[in-house]
Amino acid sequence: MRFGVKYCGGCNPRYQRGEFLKMISRHFQNRVDFELAKEDTLYDGLLVLGGCSNCCPDYRHFQTKTPPILVWDQDHFNQVTSQIESRLAKAREK
Amino acid sequence: MALMTKEQYIESLRALKTQVYMFGEKVENWVDDPIIRPSINCMAMTYELAQQPEYEDLMTATSSLTGKKINRFAHLHQSTDDLRKKVKMQRLLGQKTASCFQRCVGMDAFNAVFSTTYEIDEKYGTHYHENFKKYAEYIQEKDFVVDGAMTDPKGDRGLAPHLQKDPDLFVRIVERREDGIVVCGAKAHQTGSINSHEHLIMPTISMTEADKDYAVSFAVPSDAEGVFMIYGRQSCDTRKLEKGTGIDVGNKQFGGQEALVVFDHVFVPNDRIFMCGEWDFSGMLVERFAGYHRQSYGGCKVGVGDVLIGAAAVAADYNGAAKASHIKDKLIEMTHLNETLYCCGIACSAEGYATKAGNYQIDLLLANVCKQNITRFPYEIVRLAEDIAGGLMVTMPSEADFTSDVKVPTKSEMTIGEYCRKYFKGNGDVPVENRQRIMRFIENLCLGAAAVGYRTESMHGAGSPQAQRIMIARQGNLAHKKELAKALAGIQE
Ligand SMILES: Cc1cc2nc3c(=O)[nH]c(=O)nc-3n(C[C@H](O)[C@H](O)[C@H](O)COP(=O)(O)OP(=O)(O)OC[C@H]3O[C@@H](n4cnc5c(N)ncnc54)[C@H](O)[C@@H]3O)c2cc1C
Ligand code: SF4
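Quick note, the sequences are listed as chains A and B, same order.
Counting in this note's numbering, the first sequence runs from 7 upward without gaps.
Counting in this note's numbering, the second sequence runs from 4 upward without gaps.
Please keep in mind that the hints were generated in silico from the structure rather than gathered at the bench.
Bear in mind that the values here come from a model prediction, so they are computed numbers and not experimental data.
All residues carry an ideal CB built from backbone N, CA and C; glycine is no exception.
Fair warning: there could be bad hints in the mix.
Stated by the list, open to error - Residues from chain B shown here face chain A by an in silico Cβ test under 8 Å; the list is partial:
no. : residue
1   : Y58
2   : M62
3   : D432
As the list claims (entries may be wrong) - A short, non-exhaustive set of chain A residues, derived as facing chain B with CB atoms under 7 Å:
no. : residue
4   : Y13
5   : C14
6   : G15
7   : G16
8   : C17
9   : L42
10  : P63
Chain B with its partners taken away, still in its complex shape:
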């Protein structure tokens, strides 16, 4: 089965025995849980679009391992063209869901582990690359979702893994056996982890020899013994439990998902180990994964930005303010910021290069510039959207009020619903419900559940801003720039 349908994907999740906890309790039927389901719908979109002729050129690729048609999310990039198509695919999915569709981390981990294992084997004569190739073929053939798991809880940020009071604050090897290893620890903020079939674990920082038990990369199924997940709650999440048509949720169909994934004495067989103590390669793996992921945001956040710009323009129409010159100018500014992010995503892809293993890596400097802009521009786009929408996006009564037939004891004898519909009418021709819907939609993206993906993930996902500045400093070639200046200024030293 090289390509699953959306329905097959959802059924495949039911077949797993993934252990999920939320609000202090175990969730047995998490696939149909109203809080979790929108994030599953979102992931399902990566399957649905791959089946459609209008999108398959971006959504699918030819496997470099088997020659078969596969979902691009399981692809090892073979050219700069592939890298560009990855960004375009992410933009497309952002447009179709206005949410974090969660499948990128796995793709980025895939490509980073593929090239790093090749270089570990080259130095140490290990067999990680062969292990990984077999694993990659398996994932491609099954069309599985993989959670790319890098971030550890990290405890005291000032201390190395082996110096933490609690040794489990970074994932580590607790036992080495003939047939494999046993690991303990956790990965935090794991996007789409519950909706994934597999978890691909990587170290989170560059390490020293003292941390060699923490320099570990491996893969386990979501329902492996000892693995469980605790769902990360999102702003306004319980609105999904309310009665009504879901107007107050903003985006009823789609959403993102993060969870804490715990590994409590989990056994990993030898053929699923991709790094085991080679601490000197942890930095390479982190840098490559982060590089890909910093590129990713130049696609996914741009797609969500497209929808937010559209929503702000609709709000301006409904408010009757669309013709104002400053509103038009703000929409232009939002577009300019959004397309600048896209430029960065495309640029770091176009300047990519082949790794020793043969797959393509993005240009690191440009990918870090991309992500640095991502830590800022979505915030400015949100600010402008809030400006255009007006205060109603945060002060409007609930859907229940708009439909209420409770009479208010006044002279007019009107119901609460009638008052709401009277006072929240905007542009004469537009039904009040449409205005309600667009305001809630904007609220969802700017400060509701979708803001997790559009705002804070833009800040911290793939590394906090300072992490990019360190890379920019390292890659920026300041010495060359100084030489240029000295040469032109006639300075001879």
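So here's chain A without its partners, still in its complex pose:
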């Protein structure tokens, strides 16, 4: 699976967004590729890393087959991993 990643602009992040992405990438090593989202690419999923609950980055112009996953707190880790796990499972079923 290939995920695009979009960061917010980071004016007042309440957690380390880069570290969060590293943790997620490590968790899905060899199963999901995460890369900075590009406009001309169709992704299996989009991970939007907001720094706070405002989660304000503009991501509407990116193309994704599944709804974007929005993060604004490091406590979202388990939620995010289980969301991506279930998408992986669904993809395997197909």
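Once you've looked at the hints, dock chain B with the ligands against the given chain A.
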């Protein structure tokens, strides 16, 4: 080249033949001058962050003119979302530099001139808006810095431009030619002017017909013939020339910059003129620029405030006082004041509206309230920071003393450095040098070079406090408030 790198920006300054004077002399290599360089580093940060994925959502935008990705500082705001992102970008840059990063005035001038020229053309059938659109495209494509130049020296504040003894105390047209105009005068307090590629000039006050030669807006390159700048010195500036590692400078890497920009018979070609005698629009341009700039402070000063709050908390740790309840409470108060300023910046953005030209303008009343608070809260934040830091931030010996191996003829036979390190130790685990660094950093922001940007610019930048009170009175709709009271009190007149 829609986005320059930090290195390309610095090289692009070297390519200019900007005339700079400081301490009574011409500065040939001003890019590498130790007094000026921190302000260039600061501006360079606006380029550096635009290249980083973690910040580009705030630092860049899609041009409404070309559809290309551009630096947000050259953007014409297309929505209230853009206005909010502008404030967030400014907060971010304040956090990364703890200084005035200087690029906001140009962005604010850009948006104000864009919408005002549209309305001048609508009334007079002139072509200023087309001129400006071409100019804006050029700036966006080159990713240039523009100095937004409004404030004239103004001479006798009680007299209109045309009544001044010296007619050059406001920028004015001295000659009208087929191919353009010739201007004379100066702009004072120009933030980042030396570090800019271009200057966008606007009138400084609302004018009458008698002042029509002063109702002029145009753009010239920094190195246009007849343009030169005299650097404005800052408190503690020559510390940057001292030997050592720069601890005493406080913030060695970054700083702000202001200068007097003089225009001595400068020729401006027709396609770079955006107002030329339409005195009845000078008020609109001033009001719009000031409105944007009053919004700006709800971002940039908040970012610097974030760093000062952090520095005060570090000082409390190093002093061993962090657990005291009044210290915690003071840090809360600083945060409350700082976030209140941010609320104002966000609020006037969220309540913005589209101008006739299509770009977005902030809510004027809320932007003026924002700036009025800015004239006060940073002073209170500084007061609390000084309270928490303790007197050492202004009484500590120099870095040279802390490293001195000069022996003092005493029984202990210790060096000056050893005495300093012994008596200025705070919390047991913290190296003395760290304590030195944080004290000097706080000094820099509260009353050193960075106080120019954090304090006095908060007071006067974008207009002195009274200017906002006049706008608040005008926008406050007192008549409506009286009607509300009368209706509820059962008064019928
Ligand atoms: C650090 C800094 C950066 C700045 N950067 C820029 C910039 O990049 N671009 C730019 O264009 N400008 C810039 N400014 C200028 C700023 O907008 C002016 O400082 C501001 O408008 C006040 O003008 P002044 O400094 O001439 O003060 P003055 O106008 O002399 O004001 C001093 C006092 O006199 C009062 N006063 C003045 N005139 C009158 C009057 N007619 N009637 C009654 N009271 C009066 C004022 O309210 C104030 O209390 C900057 C200023 C500072 C301090
Ligand atoms: S999501 Fe939060 S931290 Fe990130 S840019 Fe938006 S407001 Fe700032």
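Going through the hints against the structure:
1. Y58: Hint on B:Y58: holds, closest Cβ of chain A at ~5 Å, below 8 Å.
2. M62: Constraint on B:M62 satisfied, holds at 7 Å.
3. D432: violated (25 Å)
4. Y13: holds (5 Å)
5. C14: With a minimum Cβ separation of about 5 Å from chain B (threshold 7 Å), the hint on A:C14 holds.
6. G15: holds (3 Å)
7. G16: holds (5 Å)
8. C17: Since the shortest Cβ distance to chain B is 4 Å, the answer is holds.
9. L42: holds (5 Å)
10. P63: Check passed: Cβ of A:P63 comes within 4 Å of chain B, closer than 7 Å.
When each numbered hint is compared with the structure, a violation occurs for hint 3 only.
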